[in-house]
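> Hey, can you work out the whole structure from these sequences and the hints?
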Amino acid sequence: MDFRPTDQQRMLAAVARDFLDKRWPLAVAQDVARDGRGLPNDVWRELAALGWAGLRVPGDLGGSEASLLDVVLLAEEMGRAAFPARYVTSAVVATAIIAAGTSAQRQRVLPAMSAGDRFATLALAEPDGSGPDGIALTAEVGRTLDGVKRFVLDADAADHVIVAARGGGGVTLVLVDARHPGVGVSSTTTMAGDRLFEVTFAGVPVRADDVIGPAGGGRAILDEALAHGAVARAAEIVGTAQRILDLTVEHAKVRVQSGRPIGAFQAIQHACADLLRDVETARGLVYHAAWRVDAGRDAATAIAMASAYAGTRGLAVARRAHQIFGAMGYSAEHPLHLLHKRIHAASVESDRAAHLDTIARAIGLA
Amino acid sequence: MSIDFALGAEAEAFAAEVRAWLAANPPERFPIDGMDAGYGSGAHSRPFLQALAAQGWISMTWPRAFGGAERAFWTKLVLLEELALAGAPFGPLTGCDQAADAIMARGSERLARELLPRIARGDATFWQGFSEPGAGSDLLGLTTEARRDGDDWVIRGHKIWSSHAGISSYGLVIARTARGASRSDGLSMFVVDSTSPGMEIRPIVSLTGGVYHYEVFLDEVRVPGDFLLGTEHQGFRELLQSLDTDRFWGRFYKAPALRRVLDQLVRHANATSRGGAPLSRDAYVRRTLAELATDIEALRLYFYRIGWMLAEQVPTRYETALGKVFADETGQRVGAFGLELLGPHAALAPDSPWAPLGGAIQHFYLTTMGHTIAGGTSEVLRTTVATRGLELPRDGRGVARGA
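Going down the list, the protein sequences come from chains P and Y.
Everything in the first sequence is counted per this note's numbering, starting at 1 for the first residue and increasing by one.
Everything in the second sequence is counted per this note's numbering, starting at 1001 for the first residue and increasing by one.
Check before you lean on any hint, since a few could be wrong.
Quick look at which bits of chain Y chain P covers, simulated, 3 or more residues with Cβ under 8 Å [claimed, not checked]:
hint, stretch
1, 1161-1170
2, 1187-1199
3, 1304-1312
4, 1320-1332
Hints are computed from structural coordinates only; laboratory data are not their basis.
Think of the CB as a built atom: it goes at the ideal place given N, C-alpha and C, for glycine as much as any other residue.
Here's what the structure looks like:
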């Protein structure tokens, strides 16, 4: 048993902290969230130059084949900086799906993604919001893709869209060129500043070499990629919650009321103690889930626990922090609301009910 | 060096050894002599303690100089975890460990020579004489006094909430030995034989109807000079140092014990129908049990991390306080949902023919009311987390009024 990251992991986290403090301070995160312009291309290229876009890309395709724990440590720093959602969507989930594809597919896409020249997004959710269990859009090889997906991140800027469709008697994953004329996007604004789109597919051909994995056999690939993404999202939440905790404690030390810092009042102290409890216990579950994945152990229950717990406790941390910050936390100027909204955005990807059902089966409920 | 949750081959082999021994020596066959207070260490059973001793498991991590086998730190955690998962009655073990650690760290040569072999054999057990009627969370308000009389000390005072005191061999009693500049100076710790003349140990019936705590009256109780444990007048500081790790050892087995309670609830839900439908198919039941299982896992991992810190001698500042609060509040949630799951049957007394699980859930639920109080209330410990872990100012010692 050991709880020390490797020197390399410590370096990764330190470089991330430094880069994000400079390139993505909370003031910038707030500006970008407010004006809805999304992640600037140069920032994406710079983080790719640091090797982050290729962390999960195989070594022979320009990546570093890093562990999920490495991704987790980086994602914590991104969460701390209220960094946009694209990293996990493209560099973790989409990368894992494409890495399960044919050699030609991998060669065609992953080196460019690793270099930061391209990125991919995922078209999974249906207009009713349902996920992998409710896929309705159909895709059969040799026919065309016609229909609508919703909640697709950064669809206007993405190079590739991985479409999770129903076909071949199961789930078929189709790698679509985002710039195909049959792909139309319409944007919607969100509270955390994520650029989410409704994507319309009209007569987009489904060729055999666009299908990732067996036609009708994409569910396992999708589930594994989403599971790894869930761990990374949970790590983002832990990082964001840690930032909230840090800001809250700092506030409690300097905000003076009735002649003393509010942090000297037990009501505030005890609330802060609970924030620390939530952050540290969530982090333990997240590291444990990542370790199980990396060690090749059965990780489904650990991932469900990490994802469900981080989402709930992260939001609880944010709400309690609002109470401690008082009126100031209600203002748009203060960063608390953005951190809160980012935790929400990261947690909605996690299907809490499904996670709890996974756990219920694992503990032996019939 | 890298993050690794595996205990390692040696610890896993030892876990298998403990499990095999438990299978050959079913814990329920050992006679019980004291109440299970729900912490996870089960009931008090001297015969079970002696069976553990016969395996060499009480002293296995002690230094060889004290008769130990110098086995790795993790073996102790493995032992406690396996015993708790099995619901074994190892109630006195943690007290024995803590007393042995204190004696090895700062006891006299005589204490080590006389008591350590008896602890290793399961022949000496311990109660704590810390709290007093007027000194609970404010331990420094204690009024028990010890005065020198020749080579001996003579103690006079009144202790309360001492677990298993009526059935244990020795008390660790803290008493005032001098009036110092501050209240925390001038306190000393003594090892007091429970059979000493002048001791009166009265049971306190608990909310379960069983007896766990005792009240102890010390009327001119004579203690040999070398049964002073630690430095004269420095007993409080030394106690504070050990309390931090004692909190770890007193709660490490809570997660596996809660997992055992949860497993009982799962089996009950699987085997029980209400209104024609199995409880286990009810979405609320499933998801609530899943949430509790998640909390228990978070708790287990948190205590593993503290265990690693202790093993690596990384100083703990607030972690054991945070862990204890989380452990005990999680336990209360598990107990409360247990009652809810059992419905009207939860109220039945354990001897009722219809009481599910032998009344174990009701008993557990009631005992959890004491957990957030004993060994540091959740309020005091949250303050510890805030002031030591987050460096918030101590209450009343912030900036001056008007500053």
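> Determine for every hint whether it applies to the structure shown.
Hints, one by one, checked against the model:
1. Counting residues of the stretch 1161-1170 of chain Y whose CB falls under 8 Å from any CB of chain P gives 0; the rule of at least 3 is not met.
2. Against chain P, the stretch 1187-1199 of chain Y contributes 0 residues with a C-beta closer than 8 Å to a partner C-beta. That does not satisfy the three-residue criterion, and the hint is violated.
3. Three residues within the 8 Å Cβ limit are the bar, and the stretch 1304-1312 of chain Y against chain P gives 6, so the coverage statement holds.
4. Evaluation of the coverage hint for the stretch 1320-1332 of chain Y: fulfilled, as 3 residues show C-beta separations to chain P shorter than 8 Å, against a requirement of three.
In summary, the structure is inconsistent with hints 1 and 2 from the numbered list given earlier, while agreeing with the others.
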